[in-house]
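Enquirer: Please build the complex by placing chain B on the supplied structure of chain A, with the hints as guidance.
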Amino acid sequence: DIQMTQSPSSLSASVGDRVTITCRASQSISSYLNWYQQKPGKAPKLLIYAASSLQSGVPSRFSGSGSGTDFTLTISSLQPEDFATYYCQQSYSTPFITFGQGTRLEIK
Amino acid sequence: QVQLQESGPGLVKPSQTLSLTCTVSGGSISSGSYYWSWIRQPAGKGLEWIGRIYTSGSTNYNPSLKSRVTISVDTSKNQFSLKLSSVTAADTAVYYCARDDYDSSGNWFDPWGQGTLVTVSS
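So the sequences go chain by chain: A and B. For the first sequence, position 14 (counting from the first letter as 1) is numbered 14 according to my numbering, and the numbering increases by one without interruption. Here my numbering runs 1000 ahead of the position in the second sequence, where the first position is 1.
Pulled out of the complex, with its shape left as it was, chain A reads as follows:
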């Protein structure tokens, strides 16, 4: 199994802050990395696919980068609606897809 480890597990930030969440793979996964946002009681929503491609309709303040084993999701200027839990997901070993454990982004 490819293990995905996110850091931090939780994060407190303020509206307007720039925030970075990291995802590390247990082996190289090239750019086969996606990011999702999940709000309480809701299904996850795709934000970024293929490490850096912004899903249609997702605000441009979200961006992704990285390749190999280390990836980041950056929110350039936090908005109130961005407080949620974020998950990374690898598809290098498709169909045996795995997710990170999640990063909870809370209001400071």
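Worth flagging that the hints you see were computed from the coordinates, not collected in a lab. Note that the structure is a prediction, hence the values are computed from the model and not measured. Hints should not be assumed to be uniformly reliable.
From the derived model, a few chain B residues whose C-beta atoms are all more than 12 Å from chain A [stated by the list, open to error]:
#1 1007
#2 1075
#3 1079
#4 1092
Some residues of chain B that are not near chain A, with every Cβ distance over 12 Å (derived) [stated by the list, open to error]:
#5 1028
#6 1070
#7 1091
When the alpha-carbon atoms are kept at most 16 Å apart in a straight line, the in silico EDC-like pairs for lysine to aspartate or glutamate are as follows [as the list claims (entries may be wrong)]:
#8 A:39 / A:81
#9 A:108 / A:82
#10 B:1066 / B:1048
#11 A:45 / B:1110
#12 A:39 / A:82
#13 A:45 / B:1101
#14 B:1045 / B:1091
#15 A:42 / A:82
#16 A:108 / A:81
#17 A:39 / A:106
#18 A:42 / B:1110
#19 B:1066 / A:1
Note that CB positions come from ideal geometry on N, CA and C, so glycine has one too.
Expert: The following block gives chain B in isolation, referenced to the frame of chain A:
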């Protein structure tokens, strides 16, 4: 736009079989080159991919669940289904269905159903 909706019993007894159906609307389940996946999330925990099906009927399952999982598709009803046998309390979770899109850049899930809570309890 394509929408997905899970349905099925919210309560299943231990050792019995969990059965859920995902109904796809706004498009044909057979159109395009998509897989259709099931994913689950225990309360307060992360996401676990269960398995997927192509409209040809080809399936892939998570090795940790493979012995207990069956995913099937009914293209005439625009639905795909999940069966998980011999359930225990550890199978209590919100179950999501999702479209599994892919190209040379990998696989990703979009859109997702709203999710349905299944509790395993006597």
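Enquirer: It remains to establish, for every hint, whether it holds in the given structure.
Expert: Hint-by-hint comparison with the structure:
1. 1007: At about 15 Å from chain A, residue 1007 of chain B clears the 12 Å cut-off, so the statement holds.
2. 1075: Nearest chain A Cβ is 20 Å from residue 1075 of chain B, so the label holds.
3. 1079: holds, 18 Å
4. 1092: holds, 16 Å
5. 1028: For residue 1028 of chain B, whose nearest Cβ neighbour in chain A is about 21 Å away, the distance exceeds 12 Å, so it holds.
6. 1070: holds, 16 Å
7. 1091: The assertion about residue 1091 of chain B holds, with a minimum of 18 Å to chain A.
8. A:39 / A:81: holds, 9 Å
9. A:108 / A:82: holds, 13 Å
10. B:1066 / B:1048: Satisfied, since the Cα-Cα distance of roughly 13 Å is no more than 16 Å.
11. A:45 / B:1110: holds, 7 Å
12. A:39 / A:82: Holds. Residue 39 of chain A to residue 82 of chain A sits at ~9 Å (cutoff 16 Å).
13. A:45 / B:1101: holds, 14 Å
14. B:1045 / B:1091: Judged against 16 Å, a Cα distance of about 12 Å means the pair holds.
15. A:42 / A:82: Within the cut-off at roughly 14 Å; holds.
16. A:108 / A:81: holds, 14 Å
17. A:39 / A:106: holds, 11 Å
18. A:42 / B:1110: holds, 14 Å
19. B:1066 / A:1: holds, 15 Å
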